[in-house]
Every structure is written in C-alpha cells, then in structure tokens.
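> Sequence:
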Amino acid sequence: LADRSADFVTAGQAFHWFDVPKARAEFRRILRPGGYAALVWNARRSSGTPFMDGYQQIIDTYGLDYTEVDHAHVVDEQTLAGFFGAGGYAEHNFVNQQILDVEGVIGRLSSTSYMPAPDHPRYGAMVEAIHALVSATAVRGKVAMFYDTQLFVGRI
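Taking this note's numbering, I'd label the letters of the sequence shown as residues 18 to 173.
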C-alpha cells in the first residue's frame, strides 16, 4: 500500500506472530494522519458448557505445545503499550459464538497450530474424541463454541 493511504488498519488473530516494532512502523507508514489501528481476536472460552469443558479436555489431552501458544499468551499490556505508543488505546470486549457440526469442530481444532495434523499418529484418536464429544453434547447435530472477542483500537 502507498504511504498515508488508509484511514483504518486492522490485524486479527495473527498479531502474536508479528514483529511488533516493524508492524507499528508499517501501520504508521500506511495510515493517514489521525488514522486508527485495531487489533482484534477471539479468545476461546475454556469452560462453561459441557461441550466447552470437553473441548478443552481434548486440547489438554492431544495438544502438542498448547501451553506455549495458548490464547492467554497472545498479548499483554506491555506489548499493547509498545504497539499503540503514547496515544494509548481503548479496549472493547464482546461475547461471540460459532455454531458448528462435527466436521466444523474437526476443522476448527485442526486449524490450530498446537493440535496434531492429519499425518500425526494421535490425529485419529483426537478425531474419535471429537466425534464422541459432539455426539454427547450436540443439539440437533450442532454445538456452540463460545469466545470473548477482544478489540483494541487507537491511534499510532
């Protein structure tokens, strides 16, 4: 994008992969004066319903490096302060849910970096556990995945 070509720049779930000083510099380069930057992601709830409790148990059982990349480690106040700088930021939180069938749950879980890929020896057992969980907790074949959506917005 050209210099000063955007009024608003957004980064989603991948912010934890960014080199924060370089991302800040790039956002500042493409933002017009007075423009805003927003960081947004979904923090999955780990409990609260039988499905969510069971989903977390599957992650705890089959996750490969979950503790290192757990969503609670995505960002902290120091990182946010470094990204937004002296202008500060506002935080907004929303409840969000995703309605899934068993294939959606398998796809959702398989899309995370800390879970076994299809060629991993534990993948088959993980899929069996998902089928059992959805079978036990679904209403008309669907389950609800709950998230707390976090939005941080400010001028940089």
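Mixed in with the good hints there might be a few duds.
Here are the computed distance ranges between Cβ atoms for each label pair [to be verified]:
1. Pro67 with Arg172: 42 to 52 Å
2. Ile47 with Pro67: 25 to 35 Å
3. Pro135 with His33: 40 to 50 Å
4. His109 with Thr66: 17 to 27 Å
Hints in this document: simulated from the structure, not taken from any laboratory. Idealized CB from N, CA, C, for every residue including glycine.
> All hints are to be evaluated individually against the structure, with a verdict given for each.
Verification of the supplied hints:
1. Checking the proposed 42 to 52 Å range against Pro67 and Arg172 shows it holds: the Cβ atoms sit about 43 Å from each other.
2. Range check, Ile47 to Pro67: Cβ separation about 45 Å, and the 25 to 35 Å hint is violated.
3. A hinted range of 40 to 50 Å for the beta carbons of Pro135 and His33 is inconsistent with their spacing of about 24 Å.
4. For His109 and Thr66, the Cβ-Cβ distance of about 24 Å falls inside the hinted range of 17 to 27 Å, so the restraint holds.
Hints 2, 3 from the earlier list are contradicted by this structure; the remaining hints agree with it.
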